[in-house]
Amino acid sequence: MKPIEVKGITKYYRENKALDNVTFTMEPGKIYGLLGRNGAGKTTLLNLITNRIFPSSGEIRIGGESVHENDSALGIIYYMTEKNLFPDSERIKNIFKWTRQFYPAFDMDYAGGLSDKFGLDIKKKVKSLSTGYASIFKAITALASNSDILLFDEPILGLDANHRDMFYKELLASYADKPRTIIISTHLIEEVAPVLEEVIIIKEGKLVIKQPVEKLLAHAYTVSGEASKVDKYTQGKKHTGSETIGSLKSAVVLEDIGLKDKALAKELGLKFSKTELQKLFISLTN
Amino acid sequence: MNTTLKVTKYQLYGFYKAVLVFYAIIFAVSLGATALSLKASERVTFGGLGTATIIFISIAGMDCFKTSFMFMTANNVTRRRFYHGTLIALVALAAFMALVDTALNGILSSMFRYESLLEQLYGFSNYPAEYLWSFGLYAFAGCLGWLITMVYYRISGPLRIIVLVVPFIMGIPIGYMVRRTGGALGRAVVGFLDGVMGITAGNPYIGAFSFFVSAAVVLLFCFLLIRRAPIKD
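For the record, the sequence lines run as chains A and B.
In terms of the numbering used here, the first sequence is residues 6 to 291.
In terms of the numbering used here, the second sequence is residues -4 to 228.
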């Protein structure tokens, strides 16, 4: 398994800067969440990792090799895009067969089994699939590809709650069976959070944070109470955002709770609670 | 099998149904022509079925890009591999269709008075010349179709309209230039085409060579267009 190194990546679409000097390394064998608001640059980053578009500056390397027109680097990645890149008039079973041509480790039995589980009729043509089933079909193709690196861009788009749950379970089962690098870009943070080991948060093309979820949440907490007292408490602290409802306010603080903090909170009548990933995300990107 | 050949296989898979339908029609037309010639009291001449192949292969060239490029991109095939794979597929298709057409020309000529494109242009025909000339012509037509669709893919907005309209508008200044030069320009163009096709020289191999060179030039442009082609809607 190979690491993915993103080095000083900047991407312009005409005058619009989609990514701004983004640098980080993804260690192999982990499940990453690529989070960001609409237009933050998530899909651009995934497209750059897979050489589908070209950076304005910077470089992306997989296992030390540049991804630019590199068969060996690109051959170990499967990227499930939100956009449909499959021929509309082709039957799903034929897409599976052709994918096997390019991904020799593609597991036809597994793809067939997953299709049965999800109720996907593989005799259907791509164009006849609903949004949800198109996502299921693409996710199955990605999972069955058996690639070392799997990228999912909005994999649960249009899926109902049952199918979403099934997807997460299958993803984890597949990961347990064959640990690999998985990157999931989604807006449904609350749902995907239990699956993620690490998060990469992008805001307006810039990398905001890249940390293990556990560590990120362990060093963050929510403090809530009367607005003026919360303001007093967060003064001088690294807090990322707040929410006010009437006279009550809650703020996300990105620090450990010290003894002094506990005493101050007690004195001000404030309450501490754990921060959820989604809340932290909103705080960081708002 | 390496990735390039897998791309070729995929492209040929995309062609084969259309080729079957095309030749079914061509054979039907040939049978009809044979029947007509047998019934006709006067001596009749048929010819130029190769024109249909030129149109077909140009369209095949146009059709072999966008959908295939997207699907190959979905499979993380590099642009270089896609280019080489598609090139092999188009040349293989041209070679195959030239072979079928040469054989068909031979059969039709033996049954009634049939004139292939080569015979119409050069006044004679033989199998090697017929095959090589058709192969070169079809390869050029297929690559040109591919180039047109790629140019259209790479450009966007108003440029697309310009590219569509310019060939028609160009007729006006060209017509004007021909008149201004008292037909000299037209004669020069015809002379040039005659030279590179080897028509007056009666040498279709010159024509075949010119077609292959033209195809190579077109392929060079195709490569320049694809090497940094992004995924687009």
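Hints may be right or wrong, so weigh each one.
[As the list claims (entries may be wrong)] The list that follows gives simulated cross-link-like pairs (lysine-lysine, DSSO-like), each with its CA atoms no further than 27 Å apart: (1) LYS34/B <-> LYS102/A; (2) LYS128/A <-> LYS4/B; (3) LYS211/A <-> LYS242/A; (4) LYS61/B <-> LYS227/B; (5) LYS122/A <-> LYS174/A; (6) LYS88/A <-> LYS34/B; (7) LYS34/B <-> LYS98/A; (8) LYS61/B <-> LYS130/A; (9) LYS88/A <-> LYS132/A; (10) LYS88/A <-> LYS211/A; (11) LYS227/B <-> LYS132/A; (12) LYS102/A <-> LYS1/B; (13) LYS130/A <-> LYS4/B; (14) LYS98/A <-> LYS129/A; (15) LYS34/B <-> LYS130/A; (16) LYS129/A <-> LYS34/B; (17) LYS234/A <-> LYS215/A; (18) LYS102/A <-> LYS132/A; (19) LYS1/B <-> LYS12/A.
Rather than coming from a laboratory, the hints here were simulated on the basis of the structure.
Here is what the structure says about each hint:
For a cut-off of 27 Å, the pair hint linking LYS34/B to LYS102/A is broken: about 51 Å separates their Cα positions. At roughly 22 Å between alpha-carbon atoms, LYS128/A and LYS4/B fall within 27 Å of each other, so this suggested pair holds. Restraint check for LYS211/A and LYS242/A: the C-alpha separation of about 23 Å stays at or below 27 Å, so the hint holds. Pair hint LYS61/B plus LYS227/B holds up; C-alpha atoms about 9 Å apart against a cutoff of 27 Å.
Pair hint LYS122/A plus LYS174/A holds up; C-alpha atoms about 12 Å apart against a cutoff of 27 Å. Only pairs whose Cα atoms come within 27 Å are accepted, and LYS88/A paired with LYS34/B is rejected, the gap being roughly 58 Å. Under the criterion of a C-alpha separation no larger than 27 Å, the hint pairing LYS34/B with LYS98/A is inconsistent with the structure, at around 50 Å. For the hint pairing LYS61/B with LYS130/A, the CA-to-CA distance comes to about 18 Å; that is within 27 Å, so the pair holds.
With a CA separation close to 13 Å, the supplied pair LYS88/A and LYS132/A stays within the 27 Å bound. Under the criterion of a C-alpha separation no larger than 27 Å, the hint pairing LYS88/A with LYS211/A is consistent with the structure, at around 24 Å. Note on LYS227/B and LYS132/A: the hinted pairing holds, with a Cα-Cα distance of about 18 Å set against a maximum of 27 Å. Between the alpha carbons of LYS102/A and LYS1/B the distance comes to roughly 12 Å, so the proposed pair stays at or under 27 Å and holds.
A C-alpha spacing of about 21 Å is found between LYS130/A and LYS4/B, which places the hinted pair at or below 27 Å, so the restraint holds. Proximity of LYS98/A to LYS129/A is assessed by CA-CA distance (about 8 Å); at most 27 Å being required, the pair is judged to hold. Under the criterion of a C-alpha separation no larger than 27 Å, the hint pairing LYS34/B with LYS130/A is inconsistent with the structure, at around 47 Å. For the suggested pair LYS129/A and LYS34/B, the alpha carbons sit about 49 Å apart, so the restraint of at most 27 Å is broken.
For the proposed pair LYS234/A and LYS215/A, the alpha carbon gap of about 31 Å is over 27 Å, so the pair is violated. With a CA separation close to 18 Å, the supplied pair LYS102/A and LYS132/A stays within the 27 Å bound. The hinted pair formed by LYS1/B and LYS12/A fails the criterion: a straight-line CA distance of about 32 Å is larger than 27 Å.
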